[in-house]
Amino acid sequence: MFDNFPLWPVAASTGARNVDALYIFLVLIAAFMSVAIFTMILIFALRYRRRKGVHAEQIEGSMALEITWSVVPLGIFMVIFAWGAIVYFQERTPPRGANEVYVVAKQWMWKLEHEEGQREINELHVPVGRDVKLIMTSQDVIHSFYVPAFRIKQDVLPGRYTTAWFRATKPGTYHLFCAEYCGSQHSGMIGQVVVLEPAQYQAWLSGGLASGSMAQNGEAIFSQLGCPTCHRFDTQGRGPNLKGIFGKPVQLEDGRSVVADENYIRESILSPSAKVVSGFKPIMPVFQGLVSEEQLTALVAYIKSLSSGPSGAASTPTEPSAKP
Amino acid sequence: MATAAVTAERENYLNKEYGIRSWLLTTDHKRIALLYLASITFFFFIGGFFALLIRLELLTPAGDLVQADTYNKLFSMHGQVMIFFFLIPSIPAVLGNFLVPLMIGAKDLAFPRINLLSWYLYITAGLVYLHCIVMGGVDTGWTFYTPFSTAFSNTKVIEAGIAIFIAGFSSILTGLNFVVTIHRMRAPGMTWSRLPLFIWAHYATSIIQLLGTPVLAITLLLVVFERAFHLGIFDPTRGGDPLLFQHLFWFYSHPAVYIMILPSMGVVTEIIPCFARKRVFGYSAVALSSIAIAVFGFLVWAHHMFVAGISLYSAMIFSILSYMVAIPSAIKVFNWTATLYKGSISFSTPMLYAFGFIGLFTMGGLTGLFLAALGIDVHVTDTYFVVAHFHYIMVGGAVMGYLGGMHFWWPKISGRMYPEGWGRLAALIVFLGFNLTFFPQFVLGYLGMPRRYWQYPPEFQVLNVLSTAGSTILAVGYVLPMVYFLWSMRYGKIAPDNPWNAAGLEWKTTSPPPTFNFEEEPVVTWEAYNYDQLPEPQEVSLER
Chain U
5 MFDNFPLWPV AASTGARNVD ALYIFLVLIA AFMSVAIFTM ILIFALRYRR
55 RKGVHAEQIE GSMALEITWS VVPLGIFMVI FAWGAIVYFQ ERTPPRGANE
105 VYVVAKQWMW KLEHEEGQRE INELHVPVGR DVKLIMTSQD VIHSFYVPAF
155 RIKQDVLPGR YTTAWFRATK PGTYHLFCAE YCGSQHSGMI GQVVVLEPAQ
205 YQAWLSGGLA SGSMAQNGEA IFSQLGCPTC HRFDTQGRGP NLKGIFGKPV
255 QLEDGRSVVA DENYIRESIL SPSAKVVSGF KPIMPVFQGL VSEEQLTALV
305 AYIKSLSSGP SGAASTPTEP SAKP
Chain X
3 MATAAVTAER ENYLNKEYGI RSWLLTTDHK RIALLYLASI TFFFFIGGFF
53 ALLIRLELLT PAGDLVQADT YNKLFSMHGQ VMIFFFLIPS IPAVLGNFLV
103 PLMIGAKDLA FPRINLLSWY LYITAGLVYL HCIVMGGVDT GWTFYTPFST
153 AFSNTKVIEA GIAIFIAGFS SILTGLNFVV TIHRMRAPGM TWSRLPLFIW
203 AHYATSIIQL LGTPVLAITL LLVVFERAFH LGIFDPTRGG DPLLFQHLFW
253 FYSHPAVYIM ILPSMGVVTE IIPCFARKRV FGYSAVALSS IAIAVFGFLV
303 WAHHMFVAGI SLYSAMIFSI LSYMVAIPSA IKVFNWTATL YKGSISFSTP
353 MLYAFGFIGL FTMGGLTGLF LAALGIDVHV TDTYFVVAHF HYIMVGGAVM
403 GYLGGMHFWW PKISGRMYPE GWGRLAALIV FLGFNLTFFP QFVLGYLGMP
453 RRYWQYPPEF QVLNVLSTAG STILAVGYVL PMVYFLWSMR YGKIAPDNPW
503 NAAGLEWKTT SPPPTFNFEE EPVVTWEAYN YDQLPEPQEV SLER
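Protein chains in written order, with the working numbering: chain U, 5 to 328; chain X, 3 to 546.
Hints are computed from structural coordinates only; laboratory data are not their basis.
Everything numeric in this text was worked out from a predicted model, so none of it was measured.
Heads up, a few of these hints could be off.
Cross-link-like lysine to aspartate or glutamate pairs, in silico, DMTMM-like; alpha carbons within 20 Å at most [what the hints assert, rightly or not]:
(1) U/K110 to X/D237
(2) U/K247 to U/E201
(3) X/K495 to X/E529
(4) X/K109 to X/D237
(5) X/K109 to X/D243
(6) U/K174 to U/D144
(7) U/K110 to U/D135
(8) X/K109 to X/E523
(9) U/K279 to X/D243
(10) X/K344 to U/E64
(11) U/K174 to U/D238
(12) X/K510 to X/E529
(13) U/K56 to X/D499
(14) U/K56 to X/E538
(15) U/K174 to U/D135
(16) U/K137 to U/E201
(17) U/K110 to X/D243
(18) X/K344 to X/D534
(19) X/K18 to X/D499
(20) U/K247 to U/E119
(21) U/K110 to X/D71
(22) X/K344 to U/D135
(23) X/K18 to X/E522
Pulled out of the complex, with its shape left as it was, chain U reads as follows (with noise of 0.2 Å):
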């Protein structure tokens, strides 16, 4: 019976170390701190147990003692809050580079895509000691990708895409969990991550049956919605033209400016008069429900692709999950 009775979970990843550590020392915190409060009470009540005879001492209380007590705590929680806050930053910011791999979730499968082209259900293979970055949506409700040998976990929202990352750090299969309640089979929709020595990762990739890059299929996507007819590789298009636009800043004709990240991409795909480029007319068509997730994810893939570096590698600076 106690073969498998784990009391602590495995750590597979350059995060989960990090996560670890501020555990540990939060642990500590916290017995120390109930080990204090519980021996006092304990301490007070036997000593001062009721007796015959023996009155209570009446003490109206210490401001020296409040103040103690309050600023002391606020100390240590100050530095809880900003060892938290570093070890967050850290998860919520993908480095450049990364490999990225695309997920769409649904009602209770996990759909996921490599940049390579390669299509995967339920399973993750990546390779060991590569970041890999994680661009996420839903087709239905929320859901979150969960991976505890990793400690990332983060919901995935339909209409928009949300972003996880990773360094693993020992080969292994670990539990994929789905971590936010979605509906019958929310405790099915589970499946593992299959980290692989760097070798055997490239014999998976070549031994899966990838028809083309996502960049490749995106593009071919691209030209079959006629969307090459405006969105030209010069200054004569209608439309703006795509290529290097990804990851910098565009000019709005309201005046504003925005990132042109993942969401920024999808939002102009799908509801393109919500935020038009500066000098340009609305007058794209509307390709909300006509496009798949799949199809949007590789129409992304494309026009990252059109920036510079072979892969589109530079990544919003920030914050790709903040709210479009």
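Following the hints, position chain X against chain U.
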């Protein structure tokens, strides 16, 4: 026995009138408190029944006891029943209703008829919700997250939403009544600085009920409308935003935690001085910390959303504010501990519950520090760590306080003593059963077991078995008091007016009190908790 017989025949709020009409049309706050007591106890056992089924299902990794859909309904309805139909009304509507006028020396609440109306609203809501359960129930979790609740669930979401919408008004009316009563109805001499801290806690609670509950009501109404008429407020394909729902929902539902825990803190602040025979250490610190909790409680809601897709910077703001709200809670724990210093402490049942409250609330509070730490929250949110944490606060904290208060004031409410030996035994069983149920869940959560899972990987089984074992012990601990309270109403010893020699105006009238509480209006010339002027009581004997 002769004096007992005389006491029993004295006119009081219980024997003044008989018959069903005298209860259903009463405007006496004490009788309404008992109406609430019966109704919330009923819902507590329904919610508890759901909880036991949940724990039995989780005894094995496979989903084998009930279907997945049934399981989803069980945890959804367990949460909704326990929160909206038990915890939120529990202490305010029962003990608060009974005690607020007595403690401040008033004849009744400011609006006795509105008080009765609030109970009828509660009952209406309860009937709608029972109908919802019978017609198949609801499976949205207690949180109603969109777009699942608005567009995907095919259960009775609208009915559940309407039931909770109505229950909200009962809560608002109770809060309104308390605020006005505490401002306007205090007896001569009962200044703000002489108020029992139970009253301060209820004042803070009432403010949250008044300001927070309308937001929940509006939010649920939007869910109902969106589901019925496809408005698109939370639907991203129509330009809506599912996160807007989460912001609105938690704007109420985080402060709602303080609606549940503040009154319990108030109860504990009455019990500890009485059984330590001391004035409360740091009266004003404890009073003001209640107000601070009510205010700061409104500023931390998005700490439920650190992985939901809010921006990095708003997450940091809500994290730091969450640490701020921990300070006033810590202040209370330290002051309770300091109150014990140089006291004369007895270990009667209410005091055992108060000790249990401090222990479990401290654990709940300290694990809250983990969840407020952004980097940790990413890993443990939506896992059993969160489940354990909020049960430590809301069951370990709020329910321990509620049971402690029920024992402390039972002689006043019923005019009878409960059996002390059984009381202490039950307190011990509750404490042990609670820890066995919920402590393993912290470990499960850090291991990564997500909440709301009908089936789970086999390596989580041992901890789940421990938890289920604990829950059966806990169930025994909760049934026991109900049995002996009922028993004591007929067979318990007649209670004296002030069995604990406690300070507080409620103990200066008879047990049970007359309909208008006091023979003549009391005039207060002393501070609260003047235990130096009260003799120590005889130790309550363990035999019945």
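Exercise. Which earlier hints turn out false for this structure, listed by number in ascending order?
Worked result: 2, 3, 4, 5, 6, 7, 11, 13 and 22
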